[in-house]
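Novice: Each chain is listed here by its residues.
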Amino acid sequence: MTDLVPVLSATWGSEQSWSLDTYTDAGGYAPLKKALGMEPGDLIQAVKDSGLRGRGGAGFPTGMKWGFLPPDDGGPRYLVVNADESEPGTCKDIPTMMSAPHALIEGVIITSFAIGCNHAFIYLRGEVVHVYRRLLQAVREAYEAGHLGKDIHGSGFDLDVTVHAGAGAYICGEETALLDSLEGRRGQPRLKPPFPAVAGLYARPTVVNNVESVASVPAIVDKGVEWFTAMGTERSKGMGLFSLSGHVTRPGQYEAPLGITLRELLELAGGIREGHELKFWTPGGSSTPIFTQDHLDTPLDYESVGAAGSMLGTRALQLFDDTTCVVRAVTRWTEFYKHESCGKCTPCREGTYWLTQILKRIEAGRGTEADIQQLLDTCDSIAGRSFCALGDGATSSIISSVKLFREEYEAHVEQGGCPFDHSAAALFDYSDTPATEEAHA
Amino acid sequence: MTYDETTLAQLTEDAAAIIARYPVKRSALLPMLHLVQSVDGFVSPDGIEFCAGQLDLTAAEVSAVATFYTQYKRRPNGEYQVGVCTNTLCAVMGGDRIWDELSEHVGVGHDETTEDGQITLERLECNAACDYAPVMMVNWEFFDNQTPESAKQVVDDLRAGKDVAPTRGPAKVCSFKQVSRVLAGFEDGRADEDQGAGTPTLAGLEAAKEQGWKGAAK
Amino acid sequence: MTATADKPAAEVVDTVTLTIDGTEVTVPKGTLIIRAAEQVGIEIPRFCDHPALKPAGACRQCLVDVASPAGPEGKLRAFPKPQASCTMTVTEGMVVNTQHTSEEADRAQKGVMELLLINHPLDCPVCDKGGECPLQNQAMSHGRPESRFVDVKRVFEKPLALSSEILLDRERCVLCQRCTRFSKEIAGDAFIDLQNRGAQQQIGTFDEDVLDFDGYRPVGAATVDEAGKAFSSYYSGNTVQICPVGALTSAAYRFRSRPFDLVSSPSISEHDSSGSAIRIDHRRGKILRRLAENDPVVNEDWISDKDRFAFAWQNLSDRLTRPLVRKDGELVEASWPEALAAAAAGIKAQTTGDDARGAAVLAGGRVTLEDAYAYQKLARVVLGTNDVDARARTASDEEQAFLGAQVAGTGLGVTFGELEKAPTVVLVGFEPEDEGGVVFLRLRKSLGRQQVVAVAPFLSRGSEKLGATLVPAAPGREAAVLADLPADVREALAQPGAVIVLGERAAEAPGAFAAAQDLASSTGARVAWIPRRAGERGAVEAGALPGLLPGGRAVSVKAARDAVAAAWGVDALPSAKGRDTAGIVKAAAEGTIGALVVGGVSASDLTGDVAAALESAGFVVSLEVRRSEIAEAADVVLPVAPPSEKPGTFVNWEGRLRAFATAIRTDAMSDHRVLDLLAREWGVELGTGTVEAVNAELAALGAAEAAHRPAAAKVKAPARNPRPKKGAAVLATWHQLVDEGALQDGEPYLAGTGRVAVARMSAATAASLGDAVSVEVSTEAGAVELPLVVTEGMVDGVVWVPVKSPGSWVARDLRAAAGAVVSVKGAA
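Protein chains in written order, with our numbering: chain U, 953 to 1393; chain P, 15 to 232; chain G, -2 to 825.
Please keep in mind that the hints were generated in silico from the structure rather than gathered at the bench. A few of these clues could be false.
[Claimed, not checked] Beta-carbon label-pair distances, calculated as ranges:
#1 R151/G x R1358/U: 28 to 34 Å
#2 E182/G x D171/P: 37 to 43 Å
#3 A484/G x D125/P: 55 to 61 Å
#4 T88/G x E1255/U: 26 to 32 Å
#5 Q167/P x D1110/U: 47 to 53 Å
#6 K51/G x F1020/U: 53 to 59 Å
#7 E207/P x A67/G: 41 to 47 Å
#8 F1020/U x T88/G: 16 to 22 Å
#9 K191/P x R151/G: 33 to 39 Å
#10 E154/G x A185/P: 46 to 52 Å
#11 A158/G x D125/P: 26 to 32 Å
#12 E991/U x A185/P: 44 to 50 Å
#13 G1026/U x K51/G: 22 to 28 Å
#14 P1023/U x G128/G: 53 to 59 Å
[To be verified] Listing some non-contacts, in silico: residues in chain G with all C-beta distances to chain P over 10 Å:
#15 E35
#16 E40
#17 P52
#18 C130
#19 V149
#20 A187
#21 G201
#22 T202
#23 E205
#24 G212
#25 P263
#26 G588
#27 A656
#28 N692
#29 A780
#30 S820
Each residue gets a CB set at the ideal place from its N, CA and C atoms; glycine is no exception.
Build the full structure now, drawing on both the sequences and the hints.
Specialist: Set out below in structure tokens:
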């Protein structure tokens, strides 16, 4: 049995957990003082040595990302925190910032110091106003406490932090789209190269890191590289928040070493809701190919999940039991991608438009056998062809679900409708009258 | 421009404060559009003109941004923006049913506003609270673990003028304009208001406690 | 004068060698794969890619398979998925397989093609682009015969008018963003942008109806001009040309023709001194459209909307096809021999005998080099006068001396390329956007790398788009301002390659030429003269100025006169000082000139009393394409060909010969040929019957030696600003590019994109008028009233109005030019 390791989440249950006092009382901002006494290069090396990989989904080594910055040319360089948590199923950064915003702020200061940044930005999705309040307050408190501003704690290091609220666009989670958005533009992805490390925000060297990645930095500084590398697997070090949602008895945030399995997590979370069995699940949000019961023992680390045909992503474990229609689930996800496609490239813009129509027809029982093949063909015209990963993500659940549950698609075609009682999947009782379901057809 | 002198002066002052947060002024556009919503209750053509003028952009460049993001509304919004998550997980857990019943109850559909100007309904995409599914957002405050009944009650209370508290968030839901001002980056003093961290947020912590694991926490 | 290409760059270029479809190709480092493929004749399909625009990678049509050497051993490693060849630069040893050699690339391209077509309407039979449409071609060669898409297509209202000229069919749009990238990157007019997102994404202006915004349409600075016009860019037509589908069309050409019914002829635009390469598409003798031709050293890929759309003027109902002779007070059609005889007889009657008066020649600024040559030769050889001027505008002796000494016969001076690369450009009497056409685009290309300084009464929108700084100068005060430039500007001018540009309005500023030359010699900067009209430089070369003979020879220098006389086989040339345009008009009005030969002049362009001049002159011969005001008053009217119907040469401002051939064959003759025929009535062989003959003479004459050139005119710059009294202001004025010039007649869609005429004043000057919303600007001759626009940073005591825009015909209505003191009165 793998132990849970509450690190980021350790203080979430405290009274006024978000306040500077609570955070400081729990040892917060001591790592900052320690970091300010170190050489920036040593900090970067420590994070490299820790093996911390980006917690925003792609899993790129964080220290290596910092190391990509070109040598100081005297001009500004920026840290931008990606707090645009929007991937369906992903719900870890929001509680982190709501309950312990100072963990992020402290991480921002240490990271900025390490990379030589004097103005950092936190790009928060706009649809979580209370989180924004907490971040604004935390930044203000940090200024008041001398953690931010000029000559922080006599180190000679200056840092300003701006917390920026987005305005509703999933694509801004893509780091270059986020930068365009932060520059006051449409959030459409940029060409790479140049990579943000070379020409990012305002065409200056920029590090874009996920909330959880940055918030993990103070603990690494505080407890050391060995502590961190002792957790996790060979190439997936440390702990991470595993977000269980859906048909599970106790959904929520479970902070555990990478490599824990869903079977272990489910045990802690009270299992799949009573009377039902796990049918399918996403290991890392809706952009990752779905898993089934067969993957209960797949270690949830980057390599093992990848080897099993999916991606660890954001560790957003959406669990669906046997009452759930996979076609309905996939159709809804696909509608999401269509809604969130930025429109820049043909495959994603047109492909999701087409996929949605095919899926809605199949779900409503108006599909044909040929439509199932057309789904796969259309996915083939999107995956690997689109400008950014959103297009690829849109095809993941379709391709994987057709592979795993083709018979369910066929059942919709054959029966001329959905074989499932949708009310059975809901968490409350109601009678599933077809009239209201029509609304979604 | 139809802003009266006082409004324009306040807008200009607030815009200057927003612009001052960034090394390059165009970055102020998104918060400034939130600011416009805090005054007009939507992104008005006047507001677009105002932002363009402040940031040396054309109106087309501003509307290009305003029409890209879903939080920017193009017609006067209700006092309360009520969004029901109908992305897959919430939909399956009951979000679809909540939406149907709520929409029927209120009598308006997606992106429509009740005649009294109180409620604008919206089908939401994932709002990062999946462990609280099914989720509803009112003016971007969390209303977790909803049922059709609880959702209808919230809306009824709002329309009756009662103070309504979210399940996680401040003591009461503020108006759309008030919340828009916060999103423009102006604090409203409600950060310390709290309904307690929800059970799912603390689920892992509780489980660890139950197991007696101190884990990696010192 | 030579017309060679820009000097080749001597820099050593780093190259990269790669293999595309099995063919090895070496290209400069940084080349995009798609460009490298072009070098070896491999066409990769594309929609968003355009060589003049920054890569976008949006359409994904150009996907290819790429492998490049990696690791210490340089083993070839393939990219896991196809790459956009329009965004990826080549690397050494790269192996590229396009649709021709890679099944994966072919499949990827076919997939994208299918997706591009799912929402594309099947309206090719009625689409302007049909027959020359990259999407159609690509679909025919690579698409599926039948669509697999059976669902609901996206529909939009069609078309949307982005302006009176540019129409958008959103259903046809493939969102390649060429138009928006052009507007932002090249023209600097971000009046269109992407709107909405995802499947609803579309190109558009801020149109609250289209985008479903509540409220009314606001009007203000951000909506581009004072009229609230949304897409009034001078370069908008380029978006139609680069649109790879039929989404953007022009109102002028919409539904008019099929590309395969058109005959295309290369030509040169007659609209400004840039000499932009164009293509004239015509059918059965009628021009249907004009397009930009790529000319890398001149206009690159672009032309102005005036170049593109203003061609209707030559085929309007007032087109002259037969000579006219006045009989009993009426102009009646006559045969050529009759008309020529009548013209000669009329002129002879005025210029011989007891009460003989002189003759004079006015050749407008739009004539070709050959025509200008014929006009001045006619004047000097047949009419025995130096009263000849092609400058139908304010001109000065100082300008003439400068042109003779510094411009005529000097060949290629500052070039477009050099102007683009200049670290510093100081503009004097020149607004690049309004008066320079594609010169503006060249300067804008260097935005951020070039310091532009405008010596002007205010910073125009065009100058703002160039990132220019203003050195304020009231009209007429430019010389003093140049003599006392801020130190940083002088320093900037000392950088190698810096250029001082003098426009046609430098002639309105006493002392400006001398001041500019002084500045050039003290800083090392070069001087470029960029006149507005297409024929100006050619007229200078040809000697169609009163004091200049061909090649920059001064009339005042006897040796120069003798040299030309010898070449022409005449005893002597007239030595009396000639009059300029204003002088000729004045003299004619006063009755000292008996005969006038006028070609291509709009009376409304001149501040003098043209009507009185026509009235008082005993005999007027008009050479015209259309029945102009002057033609109507003439005694003999000789029809001449518009540029599309004749061969000829424009000399652009660089000094580059821009020869063009006949696009449309008609009976119409060039001015030079008509003048050649006219001269025969005197028994004179003018030798200007053909373009070849004229050019042979010009070549034989060559450029003047220094001693034969005019000496610099001594002009004293005005010591101080005129200080207008209350109720008066100094007039500033110039032509807006799209205005009511005669060559823009008959094109209402273009006219609709013109900027609305306004009167500009500084806040302080405006305040002196009280609570005015409009201004009446008046002189003794008349008045214009225009909406008042308070303009930040404008010189006090100055009022600006456009020269010839709707409601503001300055020369005709005020009889005043820039620098004049005019009365101003506010109106509520």
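Novice: Each hint should be assessed against the structure and marked as holding or not.
Specialist: Outcome of the hint check:
As the Cβ distance of R151/G to R1358/U is approximately 30 Å, the hint placing it in 28 to 34 Å holds. Checking the proposed 37 to 43 Å range against E182/G and D171/P shows it is violated: the Cβ atoms sit about 53 Å from each other. Roughly 60 Å separates the CB atoms of A484/G and D125/P, a value that falls within the hinted 55 to 61 Å. Take T88/G and E1255/U: their Cβ atoms lie about 30 Å apart, and the range 26 to 32 Å holds.
At roughly 51 Å, the beta carbons of Q167/P and D1110/U sit within the given window of 47 to 53 Å. The hinted range of 53 to 59 Å is not satisfied by K51/G and F1020/U, whose Cβ atoms lie roughly 23 Å apart. A beta carbon spacing of about 56 Å between E207/P and A67/G contradicts the range 41 to 47 Å that was offered as a hint. Separated by about 19 Å at the C-beta atoms, F1020/U and T88/G satisfy the suggested range of 16 to 22 Å.
The hinted range of 33 to 39 Å is satisfied by K191/P and R151/G, whose Cβ atoms lie roughly 34 Å apart. Between E154/G and A185/P the Cβ separation comes to about 48 Å, which falls inside the hinted range of 46 to 52 Å. One distance hint, 26 to 32 Å for the beta-carbon pair A158/G and D125/P, holds here, with the actual separation near 28 Å. Restraint check, E991/U to A185/P: a C-beta distance of roughly 47 Å satisfies the suggested window 44 to 50 Å.
Checked against the hint of 22 to 28 Å, the C-beta distance between G1026/U and K51/G comes to roughly 27 Å, which is consistent with it. The given range of 53 to 59 Å is respected by P1023/U and G128/G, whose C-beta atoms sit roughly 55 Å from each other. The beta carbon of E35/G sits about 32 Å from the closest Cβ of chain P, which is more than 10 Å, so the claim that it is off the interface holds. The Cβ of E40/G lies farther than 10 Å from every Cβ of chain P, with a closest approach of about 33 Å, so its non-interface assignment holds.
Non-interface call for P52/G relative to chain P: holds, since the shortest CB-CB distance, roughly 20 Å, exceeds 10 Å. Listed as outside the interface, C130/G is consistent with that label: its C-beta sits roughly 26 Å from the nearest C-beta of chain P, beyond the 10 Å cut-off. Non-interface call for V149/G relative to chain P: holds, since the shortest CB-CB distance, roughly 18 Å, exceeds 10 Å. With a least CB separation of 5 Å from chain P, A187/G falls inside the 10 Å interface cut-off, contrary to its annotation.
Not every Cβ of chain P is farther than 10 Å from the Cβ of G201/G; the closest lies at roughly 7 Å, contradicting the non-interface assignment. With a minimum CB-CB distance of about 5 Å to chain P, T202/G fails to clear the 10 Å threshold, and the non-interface call is violated. A beta-carbon of chain P is positioned within 10 Å of the beta-carbon of E205/G; the least distance is around 5 Å. At roughly 4 Å, the least C-beta separation between G212/G and chain P is not larger than 10 Å, which violates its mark as non-interface.
Distance to chain P confirms P263/G as a non-interface residue, since its nearest Cβ pair spans about 35 Å, more than 10 Å. For G588/G, the shortest C-beta to C-beta distance to chain P comes to about 56 Å, beyond the 10 Å cut-off, and the non-interface label holds. Chain P leaves A656/G outside its interface by the beta-carbon criterion, the shortest separation being 40 Å against a cut-off of 10 Å. With a minimum CB-CB distance of about 47 Å to chain P, N692/G clears the 10 Å threshold, and the non-interface call stands.
A cut-off of 10 Å between C-beta atoms confirms that A780/G is not in contact with chain P; the least separation is 31 Å. Every CB of chain P lies more than 10 Å from the CB of S820/G, the least distance being 32 Å, so the non-interface label holds.
Hints 2, 6, 7, 20, 21, 22, 23 and 24, counting from the list given before, are not met by this structure.
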